[in-house]
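Generate the whole structure from the sequences, applying the supplied hints.
Chains as they are written, first to last, in this note's numbering: chain A, 1 to 408; chain B, 1 to 408.
Simulated from the structure, these hints should not be mistaken for lab results.
Here the structure is a predicted model, which is why all the values come from computation and not from measurement.
Among the hints, a few may not be true.
Same chains, same label: a pair holds when it works inside one copy or across any pair of copies.
Listed below are the simulated DSS-like cross-link pairs for lysine-lysine, each with C-alpha atoms no more than 25 angstroms apart in a straight line [to be verified]: (1) K236 to K253; (2) K2 to K179; (3) K80 to K179; (4) K398 to K386; (5) K234 to K93; (6) K408 to K126; (7) K234 to K88; (8) K100 to K179; (9) K364 to K291; (10) K375 to K131; (11) K83 to K179; (12) K408 to K234; (13) K363 to K386; (14) K131 to K364; (15) K398 to K203; (16) K408 to K236; (17) K378 to K398; (18) K253 to K363; (19) K383 to K398; (20) K364 to K25; (21) K253 to K234; (22) K80 to K236; (23) K130 to K93; (24) K291 to K80; (25) K364 to K234; (26) K375 to K88; (27) K408 to K179.
2 protein chains.
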Amino acid sequence: MKNIIVGQSGGPTAVINSSVAGVYKKAKELGVERVYGMVYGIEGFLNENIIDLDDYLNNDENYELLKRTPSAFLGSCRYKLPKIEDNKEVYEKIFEILDKYEIDALFYIGGNDSMDTIKMLSDYAKENNKKQVFMGVPKTIDNDLPITDHCPGYGSSAKYIATSLKEVIRDNASFGVVKPTVCIVEIMGRHAGWLAAAAALAKDDTCEGVDAIYLPESKFDLDEFVASVEELAKTKHSIVIAVSEGVKTSDGKFVCELSNEHIAVDAFGHKQLSGCGQTLANIVATRTGLKTRAIEYSTLQRAATHIASLTDINEAEMVGMKAVEEANNGKTGMMVIITRDDSNGYTSSADTYDIHDIANVEKKIPLEWIDEENKQMKEEFIKYAKPLIQGELAPIFKDGLPVHLIRK
Amino acid sequence: MKNIIVGQSGGPTAVINSSVAGVYKKAKELGVERVYGMVYGIEGFLNENIIDLDDYLNNDENYELLKRTPSAFLGSCRYKLPKIEDNKEVYEKIFEILDKYEIDALFYIGGNDSMDTIKMLSDYAKENNKKQVFMGVPKTIDNDLPITDHCPGYGSSAKYIATSLKEVIRDNASFGVVKPTVCIVEIMGRHAGWLAAAAALAKDDTCEGVDAIYLPESKFDLDEFVASVEELAKTKHSIVIAVSEGVKTSDGKFVCELSNEHIAVDAFGHKQLSGCGQTLANIVATRTGLKTRAIEYSTLQRAATHIASLTDINEAEMVGMKAVEEANNGKTGMMVIITRDDSNGYTSSADTYDIHDIANVEKKIPLEWIDEENKQMKEEFIKYAKPLIQGELAPIFKDGLPVHLIRK
Numbered sequence: 001m002k003n004i005i006v007g008q009s010g011g012p013t014a015v016i017n018s019s020v021a022g023v024y025k026k027a028k029e030l031g032v033e034r035v036y037g038m039v040y041g042i043e044g045f046l047n048e049n050i051i052d053l054d055d056y057l058n059n060d061e062n063y064e065l066l067k068r069t070p071s072a073f074l075g076s077c078r079y080k081l082p083k084i085e086d087n088k089e090v091y092e093k094i095f096e097i098l099d100k101y102e103i104d105a106l107f108y109i110g111g112n113d114s115m116d117t118i119k120m121l122s123d124y125a126k127e128n129n130k131k132q133v134f135m136g137v138p139k140t141i142d143n144d145l146p147i148t149d150h151c152p153g154y155g156s157s158a159k160y161i162a163t164s165l166k167e168v169i170r171d172n173a174s175f176g177v178v179k180p181t182v183c184i185v186e187i188m189g190r191h192a193g194w195l196a197a198a199a200a201l202a203k204d205d206t207c208e209g210v211d212a213i214y215l216p217e218s219k220f221d222l223d224e225f226v227a228s229v230e231e232l233a234k235t236k237h238s239i240v241i242a243v244s245e246g247v248k249t250s251d252g253k254f255v256c257e258l259s260n261e262h263i264a265v266d267a268f269g270h271k272q273l274s275g276c277g278q279t280l281a282n283i284v285a286t287r288t289g290l291k292t293r294a295i296e297y298s299t300l301q302r303a304a305t306h307i308a309s310l311t312d313i314n315e316a317e318m319v320g321m322k323a324v325e326e327a328n329n330g331k332t333g334m335m336v337i338i339t340r341d342d343s344n345g346y347t348s349s350a351d352t353y354d355i356h357d358i359a360n361v362e363k364k365i366p367l368e369w370i371d372e373e374n375k376q377m378k379e380e381f382i383k384y385a386k387p388l389i390q391g392e393l394a395p396i397f398k399d400g401l402p403v404h405l406i407r408k
Numbered sequence: 001m002k003n004i005i006v007g008q009s010g011g012p013t014a015v016i017n018s019s020v021a022g023v024y025k026k027a028k029e030l031g032v033e034r035v036y037g038m039v040y041g042i043e044g045f046l047n048e049n050i051i052d053l054d055d056y057l058n059n060d061e062n063y064e065l066l067k068r069t070p071s072a073f074l075g076s077c078r079y080k081l082p083k084i085e086d087n088k089e090v091y092e093k094i095f096e097i098l099d100k101y102e103i104d105a106l107f108y109i110g111g112n113d114s115m116d117t118i119k120m121l122s123d124y125a126k127e128n129n130k131k132q133v134f135m136g137v138p139k140t141i142d143n144d145l146p147i148t149d150h151c152p153g154y155g156s157s158a159k160y161i162a163t164s165l166k167e168v169i170r171d172n173a174s175f176g177v178v179k180p181t182v183c184i185v186e187i188m189g190r191h192a193g194w195l196a197a198a199a200a201l202a203k204d205d206t207c208e209g210v211d212a213i214y215l216p217e218s219k220f221d222l223d224e225f226v227a228s229v230e231e232l233a234k235t236k237h238s239i240v241i242a243v244s245e246g247v248k249t250s251d252g253k254f255v256c257e258l259s260n261e262h263i264a265v266d267a268f269g270h271k272q273l274s275g276c277g278q279t280l281a282n283i284v285a286t287r288t289g290l291k292t293r294a295i296e297y298s299t300l301q302r303a304a305t306h307i308a309s310l311t312d313i314n315e316a317e318m319v320g321m322k323a324v325e326e327a328n329n330g331k332t333g334m335m336v337i338i339t340r341d342d343s344n345g346y347t348s349s350a351d352t353y354d355i356h357d358i359a360n361v362e363k364k365i366p367l368e369w370i371d372e373e374n375k376q377m378k379e380e381f382i383k384y385a386k387p388l389i390q391g392e393l394a395p396i397f398k399d400g401l402p403v404h405l406i407r408k
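Here you go:
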C-alpha cells in the first residue's frame, strides 16, 4: 500500500483516537508512505479536507497524547452516503479523490451507520473494478455492533459510569436524618441498554450499588416505577436509580416524551432524546412528595478520557492495527471484530468479518442477563463487562490539567 | 484534651474527608485518647449517633483511603441550631452528651451555616462557663467564606470543572460541517460565581476554552444572551458556554424559574435550583433554531474525588490539623483560615480567626476580576485559582474502580 486514509464517524468515544493511533502505527511498520486523515469524516473528505498524520504523530510524545485525547481528533460527521443507484456522482467523486492522493486503503472508525459507509464503498469498488480496499474499525460506546464480542469505547464509558456512580451514591447518602433522597441517573443508549447496565458495576466491596436499573430491553411501567421507588423509600434514606435514555412506556413512547420538550430528529432519523431522568424525577416528586434529583451523564460518559480503561485503549489500538494488517493482505469490505478468551483470565484478539453481516444490525443485551424482578443485572453480565474496565492510563498533566493533542 | 469529636455539615466536597483525616492525625499526635465522629453532623450527635474513629483509621491504608473517599464519610446534615434564647434545651442536651463522653473539643467541618453552629455553641459555652472549646474547619465548593483566602473543596471542584470542560469542548467540536452546536454547561453556585468562574481555567495550550461565562455577580439579560449566542454562531461551529445556576434576570428571577418547574425550598430557605442550563438551551433553540445541548454538573462537581486537586487535599488536611492544634492551645469560637504567599511560587499556611466575623457572611468574586465585555475572567482570577488545582492524588484502584472507605 502506497498511501492510506483514516476517518472517524458518528458520536465520539474516550478511545476513538487510540484506533487512529493503531492505524498509523501499523501503517508505518508496513512502510506505508503517507497516512492521511480525513477531517470531519467522509463529509470532510468530499471537500478534500485532508491532513497528513506525519505532521502530528512523528514523535512518541504526541502518539501518547493522542491516546489520551477525548473526542474525535480528526473530527467526525453523521453523513450518510446515498444508495449507489441514487447518486453515482458522490461515489465517483470519492474515488477521484482517492486516486488523486494515490490512496490504496480507506479505514473508517465508527458504529452501525459508519459500517454502512464501508459496505457501500467496498461494494462500489468491486462492481466498478476499483483497486482500493475498505475496512471498518469498530467504535461505539453503545456496544451494539453485532458479531464482535464488544466494541472499543464501551469499556471506558462503562468505567466512567461505574466510577462516577460510586461517587454519586456516596454523595446521595450524605444526609441521613432528613427524608429520603431519590437520585435518578440518566445514561445513554437509544435502543440497547449496555451502558445503563454498566451501572451494575458500581456495586463492590466499598459500594452498595444502585437500587435499580431500567433498560430499553425490559418492559417499563410508569406506575410500577413510582410504586417501586416509594417501596424503597420505606427502608432507605438514599435511593439511586439508573435509567437508560431509551426507556419506553407500554404504549411505545419514550419517557422523555412525557414531558413537553421539543423532540428533534438527527440526519439518520433518530430522535434526539434528553430529559428522561429529569422527567421521571419530576413525576416521582409530584406523586410521592419525595425529594428527587436527576443527573444526566450526557456527553461526559463518552468524553471522559481522563478515567478511560487501559484495556479499552489497548483494544482500540489493536483493532486499528489489525485493520491495516488485513488491508495490506488484500482484504476489503470487512470490519475488525474482537474475540474473547476467558479460559485463563481475560484475553482478547482481533479478527475480521464480512461487513454485510454487520452494517445496520443492532446487538441488544441478552434478556437472560437481566434480573427483571430485582431490577438488576445478573452475574453473566458482570462477568462479561468487568474485564473491559480494567486498568488505567494516567493522563499527562500540565499545570493541573490533562493535556490533549489537537489539530492546528 | 482527653477526648474530642468531629462532625461534617452541609453539602459534601471531594476533600471534606481529608479534614477529618487531619483532625484525627493531629489529635493522635497530641495524645488525645478518643477521637469521636458524629454521624450526620450535629443532628446525629443529638441522637448520640457517634463512632470512634480508631475503629476505622487505625492503619495507614485506611487513612489513605479516607483522603480518597468522596462525600461526607461521617454523614452530613443541614440542621440549623435554634437561637439560644429560643431553645435552651437543645444546648443543654448537647453539653450533656459532651460531658457524658468526656469530650473537651468539638470540630465542625462546614460552610457558612455550619460556622453559625460553632459561633452559637462557643457563645453558649462562654456564657455558661462550660470548659469545652469549639472550632470551625472551613469547607465549601462555593468558596464563599470570608477572611480565608479560599476554602478547601473549591480547588478540587475547580479542577473537575476545568478537566471536564476540556473534554466537553473537544466533544462539542467533533462535528464540523453541520450547523453550529451550542452546549450550555450549568455550574453550581447560588450567589457567588467562584465555581462558574473556574470554567476559565479550561483554556490552555491545548484548549480554546469556553466562549462565555455568566456569573451571578454580573448582570444577565436574556435577549442579550440569545443575541450573543447568535453572533458567536456566525463564525464558530462549536460554542460552549458556562452558566452559574444562580444567574438572574434583571427583574430578579432565577433563570430556571423561567421554565415551569417546581421550585422547592430547603431547611435554610434556599431555593433548590435546577435546570438553568436546560432552560437557556431550550430558549436558544426555540428563538434561533440552533442545535443546543445542556449539561448540568450537578453533584458530580463536588463528588469527583478521583480527579481531586492534591493541593486541595493537603490544605484540607492542614486546616483539620490546625484546628486541633489551636483547640489544644485553648482557643475557641474560631475558624481556621488559609493565607496565601505568592512571593516565591504559591505556598499557603493556616491561621485562626474569630468566628463572629465569618458566620453567615458570603464572599463574592471581586467585580474587577470579571471582564464583562468579553464575558470572560480576567488574569487576576486565573492567578488566584490556578495554584488551587495543582497536583493529583491517584485513586487506589481495585478491579478497575477507585476504592473508598465507608462506615460499617
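So, going through the hints one by one against the coordinates:
1. Neither within a single protomer nor between protomers do K236 and K253 lie at most 25 angstroms apart by alpha-carbon distance, with minima of 31 angstroms and 35 angstroms respectively.
2. For a Cα distance limit of 25 angstroms, the shortest separation of K2 from K179 qualifies neither inside one copy, at 68 angstroms, nor across copies, at 36 angstroms.
3. Proximity of K80 and K179 under a CA criterion of 25 angstroms is satisfied inter-copy only: 16 angstroms between copies versus 50 angstroms inside one chain copy.
4. Only between protomers do K398 and K386 lie at most 25 angstroms apart by alpha-carbon distance; the minimum there is 11 angstroms, versus 31 angstroms within a single protomer.
5. Taking identical chains as interchangeable, the C-alpha atoms of K234 and K93 are never at most 25 angstroms apart, the minima being 65 angstroms within one chain and 29 angstroms between chains.
6. Proximity of K408 to K126 under the C-alpha cut-off of 25 angstroms is found in neither arrangement, the shortest distances being 36 angstroms within a copy and 65 angstroms between copies.
7. Taking the shortest Cα distances, K234 and K88 never come within 25 angstroms of each other, neither inside one copy (64 angstroms) nor across copies (33 angstroms).
8. With identical chains, the CA atoms of K100 and K179 are never at most 25 angstroms apart, being 68 angstroms at best within one copy and 29 angstroms at best between copies.
9. In this assembly of identical chains, K364 and K291 lie within 25 angstroms of each other by CA distance neither inside one copy nor across copies; the values are 33 angstroms within and 29 angstroms between.
10. For a Cα distance limit of 25 angstroms, the shortest separation of K375 from K131 qualifies neither inside one copy, at 52 angstroms, nor across copies, at 54 angstroms.
11. Within a single copy, K83 and K179 get their C-alpha atoms only as close as 58 angstroms, which misses the 25 angstroms cut-off; across copies the closest is 24 angstroms, which meets it.
12. Taking the closest pair of Cα atoms, K408 and K234 come within 25 angstroms of each other only across two copies (21 angstroms); inside a single copy the shortest separation is 57 angstroms, beyond that limit.
13. In this homomeric assembly, K363 and K386 come within 25 angstroms of each other (Cα to Cα) only inside a single copy, at 19 angstroms, whereas the closest approach across copies is 46 angstroms.
14. Taking identical chains as interchangeable, the C-alpha atoms of K131 and K364 are never at most 25 angstroms apart, the minima being 36 angstroms within one chain and 66 angstroms between chains.
15. Proximity of K398 and K203 under a CA criterion of 25 angstroms is satisfied inter-copy only: 12 angstroms between copies versus 33 angstroms inside one chain copy.
16. Proximity of K408 to K236 under the C-alpha cut-off of 25 angstroms is restricted to the inter-copy arrangement: shortest distance 16 angstroms between copies versus 53 angstroms within a copy.
17. In this homomeric assembly, K378 and K398 come within 25 angstroms of each other (Cα to Cα) only across copies, at 21 angstroms, whereas the closest approach inside a single copy is 42 angstroms.
18. Taking CA atoms no more than 25 angstroms apart as the test, K253 paired with K363 passes inside one copy only; the shortest distance there is 21 angstroms, against 47 angstroms between copies.
19. In this assembly of identical chains, K383 and K398 lie within 25 angstroms of each other by CA distance solely across copies; the values are 16 angstroms between and 37 angstroms within a copy.
20. Taking the closest pair of Cα atoms, K364 and K25 never come within 25 angstroms of each other, the shortest separation being 33 angstroms inside a single copy and 51 angstroms across copies.
21. Taking the closest pair of Cα atoms, K253 and K234 never come within 25 angstroms of each other, the shortest separation being 30 angstroms inside a single copy and 36 angstroms across copies.
22. Taking the shortest Cα distances, K80 and K236 sit within 25 angstroms of each other only across copies (23 angstroms), while inside one copy they are farther apart (48 angstroms).
23. Within a single copy, K130 and K93 get their C-alpha atoms as close as 13 angstroms, which meets the 25 angstroms cut-off; across copies the closest is 88 angstroms, which misses it.
24. Taking the closest pair of Cα atoms, K291 and K80 come within 25 angstroms of each other only across two copies (19 angstroms); inside a single copy the shortest separation is 44 angstroms, beyond that limit.
25. For a Cα distance limit of 25 angstroms, the shortest separation of K364 from K234 qualifies neither inside one copy, at 34 angstroms, nor across copies, at 41 angstroms.
26. With identical chains, the CA atoms of K375 and K88 are never at most 25 angstroms apart, being 50 angstroms at best within one copy and 48 angstroms at best between copies.
27. For the homomeric pair K408 and K179, the shortest alpha-carbon distance between copies (21 angstroms) is at most 25 angstroms, but the shortest distance inside one copy (53 angstroms) is not.
Of the numbered hints given earlier, the model fails hints 1, 2, 5, 6, 7, 8, 9, 10, 14, 20, 21, 25 and 26; all others are met.
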